[in-house]
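Student: Residue numbers (full-length UniProt numbering), protein chains in the order written: chain C, 1 to 657; chain P, 1 to 657.
Some hints here could point you the wrong way.
Restricting the straight-line Cα-Cα distance to at most 20 Å, the calculated cross-link-like pairs of lysine-lysine (PhoX-like) are [what the hints assert, rightly or not]:
1. P:LYS468 x C:LYS42
2. P:LYS638 x P:LYS608
3. P:LYS608 x C:LYS368
4. P:LYS284 x P:LYS368
5. P:LYS465 x C:LYS42
6. P:LYS52 x C:LYS468
7. C:LYS465 x P:LYS42
8. P:LYS368 x P:LYS94
9. P:LYS321 x P:LYS173
10. C:LYS468 x P:LYS42
11. P:LYS235 x P:LYS247
12. C:LYS234 x C:LYS247
13. C:LYS52 x P:LYS468
14. C:LYS45 x P:LYS465
15. C:LYS341 x C:LYS173
16. C:LYS608 x P:LYS368
17. C:LYS368 x C:LYS284
18. C:LYS468 x P:LYS45
19. P:LYS284 x P:LYS96
20. C:LYS173 x C:LYS331
21. C:LYS368 x P:LYS607
22. P:LYS468 x C:LYS45
23. C:LYS96 x C:LYS368
24. P:LYS173 x P:LYS341
25. C:LYS94 x C:LYS368
26. P:LYS173 x P:LYS331
27. C:LYS234 x C:LYS173
28. C:LYS235 x C:LYS247
29. P:LYS171 x P:LYS341
30. C:LYS171 x C:LYS341
31. C:LYS465 x P:LYS45
32. P:LYS234 x P:LYS173
33. P:LYS368 x C:LYS607
34. C:LYS607 x C:LYS638
Chain C regions said to be covered by chain P (calculated; three or more residues, Cβ under 8 Å) [said to hold, decoys possible]:
35. 191 to 205
36. 357 to 371
37. 465 to 474
38. 493 to 504
39. 619 to 626
Treat the hints as calculated values from the structure; they're not laboratory data. Just so you know, even glycine gets a beta-carbon here, dropped at the ideal spot from N, CA and C.
2 protein chains.
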Amino acid sequence: MSNRISNNMGADDTDNTSLHSLPLGPEELPYVHKVGVPPKPKLLKEITDTLKETFLPDDPLRPFKKQPRRRKLVLGLQTVFPILEWGRDYNLSKFKGDLIAGLTIASLCIPQDIGYSKLAHLDPQFGLYSSFIPPLIYAFMGSSRDIAIGPVAVVSLLLGTLLQDEIDPVKNKLEYQRLAFTATFFAGVTQATLGFFRLGFLIDFLSHAAIVGFMAGAAITIALQQLKGLLGIKKFTTKTDIISVMKSVFGAVHHGWNWQTILIGVSFLVFLLFAKYIGKKNRKLFWIPAIAPLLSVIISTFFVYITHAERDGVQIVRHIKQGVNPSSVDKIYFTGDYLVKGFRIGVVAGMIALTEAVAIGRTFASMKDYQIDGNKEMVALGTMNIVGSMTSCYVATGSFSRSAVNYMAGCCSAVSNIVMSAVVLLTLVVITPLFYYTPNAILASIIISAVLGLIDLDAVVLIWKIDKFDFVACMGAFFGVVFASVEVGLLIAVSISFAKILLQVTRPRTAALGRIPRTSVYRNLQQYPEATRVPGVLIIRVDSAIYFSNSNYIKERILRWILDEEETLAEHKQPGIQSLVLDMSPVTDIDTSGIQALEELYRSLQKKSIQLNLANPGQVVHDKLHASEFANLLGEDKIFLRVADAIVMCAPKLEQV
Amino acid sequence: MSNRISNNMGADDTDNTSLHSLPLGPEELPYVHKVGVPPKPKLLKEITDTLKETFLPDDPLRPFKKQPRRRKLVLGLQTVFPILEWGRDYNLSKFKGDLIAGLTIASLCIPQDIGYSKLAHLDPQFGLYSSFIPPLIYAFMGSSRDIAIGPVAVVSLLLGTLLQDEIDPVKNKLEYQRLAFTATFFAGVTQATLGFFRLGFLIDFLSHAAIVGFMAGAAITIALQQLKGLLGIKKFTTKTDIISVMKSVFGAVHHGWNWQTILIGVSFLVFLLFAKYIGKKNRKLFWIPAIAPLLSVIISTFFVYITHAERDGVQIVRHIKQGVNPSSVDKIYFTGDYLVKGFRIGVVAGMIALTEAVAIGRTFASMKDYQIDGNKEMVALGTMNIVGSMTSCYVATGSFSRSAVNYMAGCCSAVSNIVMSAVVLLTLVVITPLFYYTPNAILASIIISAVLGLIDLDAVVLIWKIDKFDFVACMGAFFGVVFASVEVGLLIAVSISFAKILLQVTRPRTAALGRIPRTSVYRNLQQYPEATRVPGVLIIRVDSAIYFSNSNYIKERILRWILDEEETLAEHKQPGIQSLVLDMSPVTDIDTSGIQALEELYRSLQKKSIQLNLANPGQVVHDKLHASEFANLLGEDKIFLRVADAIVMCAPKLEQV
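Isolated chain C, as found in the complex (with noise of 0.2 Å):
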């Protein structure tokens, strides 16, 4: 396979005569080695390394190989359920870090919960509910470590507007609850689904900057919506855009505000952010702003019980179902019109959940430097919530900011999660009683301290410096978040992000080359602009794969630029250009359209008396040119290794370095 078109500098006599006629000594005359061409993989086994590549990228059955049959089953069984690996080696102190770690997230989110089945538009028991369940098969089924699951804001807040635009949640309660779970049996099978099928990769496709953008759109408008119960405000609208919201509240100044929910709320969110700055200065009282939110519900729900504020106004929360989950297997709409819809929102709901979930769960991993299998994870999120959809539960999934304190808690293993949820078990049989007299302004406090943790500054100013499209994405998905609604900014989310991938395939770049001083190594002319220009030889570097998507751009952008610089030389007078170089390293790949338009180009080139000369095309490409019987048409010995070999025979009197 390793042909030498060239000299042999070791023991044979050079041969090649076409190299014998350059005016090279031979201490100058350098080594060229062939293009490689290794035998061709057979057609079976191409297929299934590109199925696994693209399916299986991580090798999921690795440890299953070279195994015993009983001891397959073990790993199969490990596989699904995670706990029966790291729960061997579990022991007390990891005990003792997973207790305190609970607790402290369960203090966090049972205010949370009832807080964001409000969001939801849903009684505040449904919110706990989510909090018990879930978790617990997460637990068993789940791998990371870190996460805390449960309700979080932004998918209680695109439950509440998905489900809203089609039943009313007051009106029509019942309906309405059972859309809702409904919807969360969809988004636990969709996730599942996912996972199962190994479909991760979809989820890949919103990008980063927009959901940053997302996120924080999503943080302002439920912090605006926690106007309604700050202020005490008693008609407000259902829409979510900033500017319904600010006509809503400045139209109740004069009479719908009230004063004593007003100072209520707005002096524990005072004290709500100062605990929040305290956690931040110093990380290890990260347990402030983490009891923070609960020491409030007690304080201001005793204070409201002694005063008897609710009869000046002020709004409390007043019923909560005591009680663990009721089954709700019968309430999820299996057939009719309430199916598609529940499907829809339950679609959407899903994979922003999964998204949200995945990031966290592989934030904390790379923090802790374990693996987490993104498919096994969506399959662990989707059955916790087809399991939840059953038991009175909504959507739940990773927290950012529970997960966060769960972490700085120091949190051993998903245990965490079972306390918890123990917890939230103990509140909904023992105390929810207790909770009549909390205020609902206290529980807009803890929500808005909660959601301004998803605004994220640090990351769009890094996102400007980066990527100028990034931050367009980003800004796109903020207003249309801010000032239309959730789907709206979902949807320029989605948009921008494809409009990005598309441009990419569709308008590749390509730079000219020139010769690093010193070396034989050419770089782009414009990165480098001491490299010089080889005279009579034009080298472009296409970089990009060569699909039907961009094969005629970059026919024609190649075609302008010997255009541009035949007209550069003829400005100086200089003798034109006798060959073109492609340097095709970053060319990974090209099909039957790209083969046409290297045909195409190959003939104009002719008819300018132009030599096409190509230089490092990769493996499939360098197949696909003889499969094609390009490589034919152009002549094998104008295929090289590299730029500087391609240059030897275009410009032979050039000096080699």
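Please build the complex by placing chain P on the supplied structure of chain C, with the hints as guidance.
Tutor: Frame of chain C, contents of chain P only:
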């Protein structure tokens, strides 16, 4: 800008201590050139450059530069009406060529037009109308010299299928016609808009392979539809899939087939195919297949007229409305439900028509080596269809078969279209009554022999050889059209084309590199089995821009490369990996998610005590590495111009070539 981190083999002494410690003799000490950091372009310039490259890659304003105002006006007019440009050099010898070509394509188009309008479920005169006005408009505005404009088989079939789904063409003839004009209007608007906003690249998203499959499938479908006319069947299915058609055909065996019709149809089909064969064998006899259809029509019409075969059940064309195109401005639906439907159908038909016309334009332009401006071409086609929709024409575009005849007959400019248009006008005004006795069977034979040319078996074989994925797209589109419907086939073609793009950006290739013996070039170990690994160093090349859609995959794939390599090394009891060199040559861009992935990779490697090095980042990537501070985190001295330089630092003991 051009820094050198290493020694200068020339005048200066080396003063770099880290290099002093390397055990390399001065003759082995390679010249290490710094990665180029040109001044960052201004933000505004960056944005305008990107926009220009996306929408104006062909630099259409180039000729306007440095011109006086008056000249600019002339150039502007010439841009819109290219006839003003080439018309000035027009002469008699060119007209001779165009006259012959125009007469030839006219003789071919008249019978085809009558047949194709049947495919679109429209009366025969509408096909003739569409060969009169649109070619005239195109001749003034179009830039292709070889294209022959008129109704084409595939678009007629597509339009017929889509329109039939909305309105019954027999029962509601007038509404059907009105919807057809509405669709034509919006097809024109779509085409002109795409061209005007320079979004022509959108049609590049339908891959060549998908088009080949789609065209072949459409050809089969159209040929099958002609069995109705060829066999003289009266009751025929309105579906287009092969199964329904075959049921219809064989269901009519005993009482529906008409032997006189079959005799006429089949004998002339044989004649037409033989004429085609002669034309293919001897390219100079191209006029034989070109004239054969009209000849068949004349002979068979005469034959039916004298034998009165129509009394024996041979179906004939009967009445064709005489006279030029009536206005249809008031027939277009500008309001109501049909507006939306017409718009939808128009967009689809317009895109397909565009794809066909642009492909033809490009093919012949590259054969005669002139440039056509895709966007300008779309404006011309769009205008022609808009005007057409107001003059009782349906969607016209460039025809493959007639353009080829046009080219071979020696056309020199769009004047051949004007000639054809004049002949069609004459036909409409004078000789339509002569078509009264033309048997439908002859039209069926003409269409079958025409569409068989759309089946490009050679292209299919080539696609199979070059790219298996393309072959799947091709077959998917083909079977979709044949077994389901034109829309399904189209949908499959577009979906597979998109799936390919998405696959490309989600699962890019990575490769381990080794050193090619006796060079300092590092290449894919799989492609060059003779290349050698560098002990203690793993060199990985990432073959794609790193974007949000693949950043995670790339990170995890690289970690898996390390895992695999370490396993192999452990098996052979060799020391582990100390350094990872990432060859960034093909990484043309990186976004925020990509930078994040690199950071995560860096941290994971740190925990494994593996040093990360980057080789040859491009300009954009290098800028972003700096903007994000990742370059500082990694260390500026870990970024190298090429892999060989990185290896010098990582494995200093390795002998250098």
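Student: Would the pair LYS173 of chain P and LYS331 of chain P pass a check requiring their Cα atoms to be no farther apart than 20 Å?
Tutor: 13 Å, holds
Student: If you draw a straight line from the CA of LYS96 of chain C to the CA of LYS368 of chain C, is it 20 Å or shorter?
Tutor: Holds, because 19 Å separates the two Cα atoms, which is no more than 20 Å.
Student: Mind checking the alpha carbons of LYS171 of chain C and LYS341 of chain C for me, to see if they're no more than 20 Å apart?
Tutor: 19 Å, holds
Student: Given the proposed pairing of LYS171 of chain P with LYS341 of chain P, does the C-alpha separation stay at or below 20 Å?
Tutor: Holds, because 19 Å separates the two Cα atoms, which is no more than 20 Å.
Student: Mind checking the alpha carbons of LYS465 of chain C and LYS45 of chain P for me, to see if they're no more than 20 Å apart?
Tutor: Given pair LYS465 of chain C, LYS45 of chain P holds - Cα atoms ~16 Å apart, limit 20 Å.
Student: Measure nothing beyond the straight line between the CA atoms of LYS235 of chain P and LYS247 of chain P; if it is 20 Å or shorter, mark the hint as holding.
Tutor: 11 Å, holds
Student: Okay, the segment 191 to 205 of chain C and chain P, do three or more residues pass the C-beta test at under 8 Å?
Tutor: Holds: 3 residues of the segment 191 to 205 of chain C have a Cβ under 8 Å from chain P.
Student: Does the alpha-carbon distance linking LYS341 of chain C and LYS173 of chain C stay inside the 20 Å limit?
Tutor: Given that 20 Å is the threshold and the Cα spacing comes to 17 Å, the pair holds.
Student: Next pair to validate is LYS607 of chain C with LYS638 of chain C; report whether the Cα-Cα distance is within 20 Å.
Tutor: Satisfied, since the Cα-Cα distance of roughly 18 Å is no more than 20 Å.
Student: Checking one constraint from the list: CA of LYS173 of chain C to CA of LYS331 of chain C, max 20 Å. Satisfied?
Tutor: 13 Å, holds
Student: Assess, step by step, whether the Cα of LYS638 of chain P is no farther than 20 Å from the Cα of LYS608 of chain P, and give holds or violated.
Tutor: Given that 20 Å is the threshold and the Cα spacing comes to 17 Å, the pair holds.
Student: Given the hint that LYS284 of chain P pairs with LYS368 of chain P, does the C-alpha gap stay at or below 20 Å?
Tutor: 18 Å, holds
Figure legend: structure checked against the earlier numbered hints; every hint is met.
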